[in-house]
Amino acid sequence: MAFNAPPKMVGLVGNAGVYKSKLSVFQFLIRGFMAGAYIAIGGALCTVCSTGVAPILGPGIAKMIGGAVFPVGLIAIVLTGMELFTGDCMLVPMAAMMKRCTWGAVMRNWVWVYIGNVIGSFFYAYLMAAGPLVDGTPEGMVVNAFGLTAINTSVAKILTYKVAGTVGLWSCFMKAIGCNFLVNIAILLAITADDVISKFFGIWFPIMAFVATGFEHCVANMYFLPTGKFLTDWYPATITKIGGLLAANNGLSWGDVWFWNIIPVTIGNIVGGFLFIGVAYYMMFRKEVPKD
8 MAFNAPPKMV
18 GLVGNAGVYK
28 SKLSVFQFLI
38 RGFMAGAYIA
48 IGGALCTVCS
58 TGVAPILGPG
68 IAKMIGGAVF
78 PVGLIAIVLT
88 GMELFTGDCM
98 LVPMAAMMKR
108 CTWGAVMRNW
118 VWVYIGNVIG
128 SFFYAYLMAA
138 GPLVDGTPEG
148 MVVNAFGLTA
158 INTSVAKILT
168 YKVAGTVGLW
178 SCFMKAIGCN
188 FLVNIAILLA
198 ITADDVISKF
208 FGIWFPIMAF
218 VATGFEHCVA
228 NMYFLPTGKF
238 LTDWYPATIT
248 KIGGLLAANN
258 GLSWGDVWFW
268 NIIPVTIGNI
278 VGGFLFIGVA
288 YYMMFRKEVP
298 KD
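Going by our numbering, the first residue of the sequence shown is number 8, and it counts up by one from there.
Calculated directly from the structure, the hints in this document are not laboratory data.
Take the hints with a grain of salt, since some may be wrong.
Stated by the list, open to error - Here are the simulated DSBU-like pairs of lysine-lysine, each with C-alpha atoms no more than 35 Å apart in a straight line: (1) 29 <-> 206; (2) 106 <-> 29; (3) 294 <-> 206.
Said to hold, decoys possible - What follows is a set of in silico ranges between Cβ atoms, one per label pair, in the way DEER data are often shown: (4) 148 <-> 254: 16 to 24 Å; (5) 109 <-> 151: 22 to 30 Å; (6) 205 <-> 243: 47 to 55 Å; (7) 220 <-> 139: 22 to 30 Å; (8) 59 <-> 148: 15 to 23 Å; (9) 149 <-> 220: 30 to 38 Å; (10) 241 <-> 178: 36 to 44 Å.
Being a predicted model, the structure only gives us computed values, none of them experimental.
Each residue gets a CB set at the ideal place from its N, CA and C atoms; glycine is no exception.
Go ahead and model the full structure; you've got the sequences and the hints to work with.
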């Protein structure tokens, strides 16, 4: 199995960044849409497979199971060439640091890919909330066990930070840095390999680690949080049924979704991917990158 040593790997990251910087707005949007949907597929699988596990086997095993199935999204993105904002936080700036594209091109990539990711993730959240997360009964549609897990996930990712205030935002930000540190390690490991099996395992382990550890990924949360929001809006009886923070907050608002999670997580993901991986690896290997 071929292995690309770190200096060559950094050069390949730069090549990928140059390619991504030159895509059209349409390509950013359609590839971003697909990447958002792929991450959402992993998130949906995580929700379904971890439901009911914690009371029987413990919360750690539930997190491990969720982490074990979530990587399907990033594996699909890398192998099919889609555009994920959190990966582009490292890939495109590497090309800019090598002076192979402009910082304006970096921002252009980030903005349009982010929009595409939002649309794709929200679309899949709607699909899940309208489909597999509810069941039909003689009285009408009701939220099923998987849907309740989805709502509780939203509560944990929004309202636990909200009640903690500034400390909650800081915790959310720190979890986001750790997340994209691991996501971009996964991308680097995939780039070091030339065969599909090696790429698969290179991606799988770091992504499992970030999910099982409880870190925060902005694109994944573009699926998790709208899913809970849709379900509580469409089936308000679940707010009383779940109670606790959800009832005290009278459900979830879009302001809660963005301010208490997606915005700070996005900023933290940029720091984790760009600074802790992109800048760090550029500084370590910039003088050793092959010229060809």
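Evaluated hints:
At roughly 25 Å between alpha-carbon atoms, residue 29 and residue 206 fall within 35 Å of each other, so this suggested pair holds. The straight-line distance between the Cα atoms of residue 106 and residue 29 is roughly 14 Å, inside the 35 Å bound, and the hint therefore holds. Under the criterion of a C-alpha separation no larger than 35 Å, the hint pairing residue 294 with residue 206 is consistent with the structure, at around 26 Å. Our hint of 16 to 24 Å for residue 148 and residue 254 holds, since their Cβ atoms are close to 21 Å apart.
At about 49 Å, the CB distance of residue 109 to residue 151 disagrees with the hint of 22 to 30 Å. Checked against the hint of 47 to 55 Å, the C-beta distance between residue 205 and residue 243 comes to roughly 49 Å, which is consistent with it. Roughly 26 Å separates the CB atoms of residue 220 and residue 139, a value that falls within the hinted 22 to 30 Å. As the Cβ distance of residue 59 to residue 148 is approximately 21 Å, the hint placing it in 15 to 23 Å holds.
Restraint check, residue 149 to residue 220: a C-beta distance of roughly 33 Å satisfies the suggested window 30 to 38 Å. Hint check: residue 241 to residue 178, Cβ distance near 30 Å, so the stated range 36 to 44 Å is violated.
Hints 5, 10 from the earlier list are contradicted by this structure; the remaining hints agree with it.
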